[in-house]
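Once you've looked at the hints, dock chain R against the given chain B.
Protein chains: 2
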Amino acid sequence: MNSDAIKTQILDMGARARAAAHALAKLGTEEKNRILLAMADALEARETGLLEANARDIAAAEENGLTAAMIDRLRLTPERIAAMGRGVRGVAALHDPTGEILREWTPPNGIRIQKKRTPIGVIGIIYESRPNVTADAAVLCFKTGNATILRGGKEAIHSNRAIAAALREGGAPAGLPDDSIQLIPFTDRESVRHMAEMDRYLDLIIPRGGAGLIETVVSLARMPVIKHYDGICHTYVHAAADLAMAEAIALNAKIQKCSVCNAMETLLIDRAAADDFAPRIAAAMHARGVALRGDADFQKLAAGTPVEPATDADWTVEYLDLILSVKIVDDLDAAIAHINRYGSHHSDCIVTADPEAAARFMNEIDSATVFWNASTRFSDGGEFGFGAEIGISTDKLHARGPMALEELTSYKYLLFGEGQVRG
Amino acid sequence: MNSDAIKTQILDMGARARAAAHALAKLGTEEKNRILLAMADALEARETGLLEANARDIAAAEENGLTAAMIDRLRLTPERIAAMGRGVRGVAALHDPTGEILREWTPPNGIRIQKKRTPIGVIGIIYESRPNVTADAAVLCFKTGNATILRGGKEAIHSNRAIAAALREGGAPAGLPDDSIQLIPFTDRESVRHMAEMDRYLDLIIPRGGAGLIETVVSLARMPVIKHYDGICHTYVHAAADLAMAEAIALNAKIQKCSVCNAMETLLIDRAAADDFAPRIAAAMHARGVALRGDADFQKLAAGTPVEPATDADWTVEYLDLILSVKIVDDLDAAIAHINRYGSHHSDCIVTADPEAAARFMNEIDSATVFWNASTRFSDGGEFGFGAEIGISTDKLHARGPMALEELTSYKYLLFGEGQVRG
Chain B
1 MNSDAIKTQI
11 LDMGARARAA
21 AHALAKLGTE
31 EKNRILLAMA
41 DALEARETGL
51 LEANARDIAA
61 AEENGLTAAM
71 IDRLRLTPER
81 IAAMGRGVRG
91 VAALHDPTGE
101 ILREWTPPNG
111 IRIQKKRTPI
121 GVIGIIYESR
131 PNVTADAAVL
141 CFKTGNATIL
151 RGGKEAIHSN
161 RAIAAALREG
171 GAPAGLPDDS
181 IQLIPFTDRE
191 SVRHMAEMDR
201 YLDLIIPRGG
211 AGLIETVVSL
221 ARMPVIKHYD
231 GICHTYVHAA
241 ADLAMAEAIA
251 LNAKIQKCSV
261 CNAMETLLID
271 RAAADDFAPR
281 IAAAMHARGV
291 ALRGDADFQK
301 LAAGTPVEPA
311 TDADWTVEYL
321 DLILSVKIVD
331 DLDAAIAHIN
341 RYGSHHSDCI
351 VTADPEAAAR
361 FMNEIDSATV
371 FWNASTRFSD
381 GGEFGFGAEI
391 GISTDKLHAR
401 GPMALEELTS
411 YKYLLFGEGQ
421 VRG
Chain R
1 MNSDAIKTQI
11 LDMGARARAA
21 AHALAKLGTE
31 EKNRILLAMA
41 DALEARETGL
51 LEANARDIAA
61 AEENGLTAAM
71 IDRLRLTPER
81 IAAMGRGVRG
91 VAALHDPTGE
101 ILREWTPPNG
111 IRIQKKRTPI
121 GVIGIIYESR
131 PNVTADAAVL
141 CFKTGNATIL
151 RGGKEAIHSN
161 RAIAAALREG
171 GAPAGLPDDS
181 IQLIPFTDRE
191 SVRHMAEMDR
201 YLDLIIPRGG
211 AGLIETVVSL
221 ARMPVIKHYD
231 GICHTYVHAA
241 ADLAMAEAIA
251 LNAKIQKCSV
261 CNAMETLLID
271 RAAADDFAPR
281 IAAAMHARGV
291 ALRGDADFQK
301 LAAGTPVEPA
311 TDADWTVEYL
321 DLILSVKIVD
331 DLDAAIAHIN
341 RYGSHHSDCI
351 VTADPEAAAR
361 FMNEIDSATV
371 FWNASTRFSD
381 GGEFGFGAEI
391 GISTDKLHAR
401 GPMALEELTS
411 YKYLLFGEGQ
421 VRG
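Chains as they are written, first to last, in my numbering: chain B, 1 to 423; chain R, 1 to 423.
Pulled out of the complex, with its shape left as it was, chain B reads as follows (with noise of 0.2 Å):
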């Protein structure tokens, strides 16, 4: 297929996308949990199918010699499409924010306005290898009226057909208006590009991947883009820290699940702790296998424990692995200008007994989330609270932080009048 003719067809889902969004506008709150049910109901029932469409994907991915850790994020097995399910009953089981009245006044004109949220309208969502992700992000975004353009990767191309035929043609007996969630057949970059130039038909694009993807995205799109970007995310161990507490949150920030966007990255050491937290938390991370890189004072405090010495490089990097850049910093004012300078305005900490120190680092670091005493690993949509999230923005427009069914909402003026004109 040519250029023109995927440009062509991308348009045209689109304009059909839009209608559809219209049709879910209208669509009550027990309306759409029924449907959702009877999507959940058809991923469940076409187990077999899912997984006779992974496995073409799977067959192929080792034909073209993926990694293991590649093919394992692609894989479905019948666990996986049993939690796809539950993830679905979930979303029903969610409160809906649409219709709610976020504000309602009377100002000097007599014109009762109401502030009302809506469905933004059509959301696309480009994204890389996991399968799941289709069904996520498309039931979030039903959820709140919102009609889907999912773009996947290549790699999962048949198990993402797969999922999104069963939820379209599970829910359509409920009452899923037509192209409500449609997938794009293309895999292509040009596709990507069709979408992003598409700011007619698409509200909103939310890529999910790495940063490449995203850069790709935000360079072509002229819609608005949530990005999530790295974490580059740091604990500050304040001279009035228990240090206990100290080790005990930086070793979970780091340690507990290290391959994520909140986990820690950096460990900031005040000097005036640092005589004796320095060794500590150096054997701590060592004895857990974490590979340590440090700035010259921390490599000599660290008491024998071996530590590569920090290049600037280390201070912006998200490693996703177990490795930790240290360093030694004079005080509150310097460890707020390393993070606000160095960091991806994700997720910070400072762990300190001092209430005046962790107001003014908490005001001052520009983070979507700042902890005072708990770890980062807390940023994120479930521990919030929000029962499902979409990501973490590391945007400030419309959504910053963990992003949920609030965050795929806009609103709209209401304007009640008793034939009120301008004078």
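It is possible that some hints are incorrect.
Because identical chains share one entry, a pair is satisfied inside a single copy or across any pair of copies.
[What the hints assert, rightly or not] Quick list of in silico lysine-lysine cross-link-like pairs, DSBU-like style, CA-CA up to 30 Å: (1) LYS257 x LYS115; (2) LYS115 x LYS7; (3) LYS257 x LYS154; (4) LYS115 x LYS154; (5) LYS257 x LYS300; (6) LYS227 x LYS257.
If you are wondering where the hints come from, they were derived from the structure by calculation, not from laboratory data.
Chain R only, in chain B's frame:
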């Protein structure tokens, strides 16, 4: 100056704005208000200098053959400078939304969470000929703790420089952080490109001007852009409308100020009301100098009032003039379909005595502001009681409709732990 040197200078302004944003985030409301009053004093005290700078722009405009309307938009007078000063004092008197706790809760993990309203950071404003935008935009952003990088049109460069200098130098002795308000000294298109690519330093760009300017910014920008596109606003006269009210609302929406985005451009008349209403409104509009363009049905019903035939293009044009397109529609569904298809999702009105028809219209019209029985001219931050507005957003993300101080803020999450780690 060559392009590389311009780029270097703009990047340097970006870095300095980021530093200023960190300083601004620490200012309290009283400090900010004191600085705003000092800025207002400076604008008033520098009347002579501002008029001199403006005279240079006016002389250049006359030499370059700008139209009288363009020269009027450009002109500063003692009254307009006084209005600018009063505008700044007005902003000082407004409620400061930053620092508000939007929500506070404790999920099962026991970590108390506060969602706190914060400044956005650094906002770029790209605008055209009116020099008062320099003051209006900068002070609204400052009130909400944001640094600004302003890039005005070349026609107003001397006026813009003088106004920005007055704000900066007037604010400095009262505590305005350095580089809080910067004006880009270049007015070529390249400078827009450099701003639009500077996503490291600019959190948001707001273009204020015509569709061409917005298009340029949208196609170049890597950061969020809040767009203030056309207002193709409709009034729909329903079968159950009070026709005297409908006439008054339609006349007001078209005539009271026709050059603005919330003026009506298209009138839809329900077929059931058309026999009575069409000749009446045709005569009333014509008597007030409005040129009419109608579909075949309206032309027939206009009973001798001259009506040009409307073409398809008439349904998608923002006349900003005493011109009105009129269409007879079969019913409520047809009206909703027309508006959602041809409108610009800005402001639309139904006139009816039927609450059910009104409810359907208000729910299904996909526009920022939807009116029942009031003129679309009320779609305005001032009329909403916001005290000020930076524009009317036609976007659905972050800000929709009249955009004031709250929409110039972001939020962050503060998490108060007691040593919690994730299990």
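Status of each hint after checking the structure:
With identical chains, the CA atoms of LYS257 and LYS115 are at most 30 Å apart between copies only, with a shortest distance of 26 Å across copies and 41 Å within one. Proximity of LYS115 and LYS7 under a CA criterion of 30 Å is satisfied in neither setting, with 37 Å inside one chain copy and 42 Å between copies. Proximity of LYS257 to LYS154 under the C-alpha cut-off of 30 Å is restricted to the intra-copy arrangement: shortest distance 28 Å within a copy versus 54 Å between copies. Taking the shortest Cα distances, LYS115 and LYS154 never come within 30 Å of each other, neither inside one copy (42 Å) nor across copies (39 Å).
For the homomeric pair LYS257 and LYS300, the shortest alpha-carbon distance inside one copy (28 Å) is at most 30 Å, but the shortest distance between copies (73 Å) is not. With identical chains, the CA atoms of LYS227 and LYS257 are at most 30 Å apart within one copy only, with a shortest distance of 22 Å there and 40 Å across copies.
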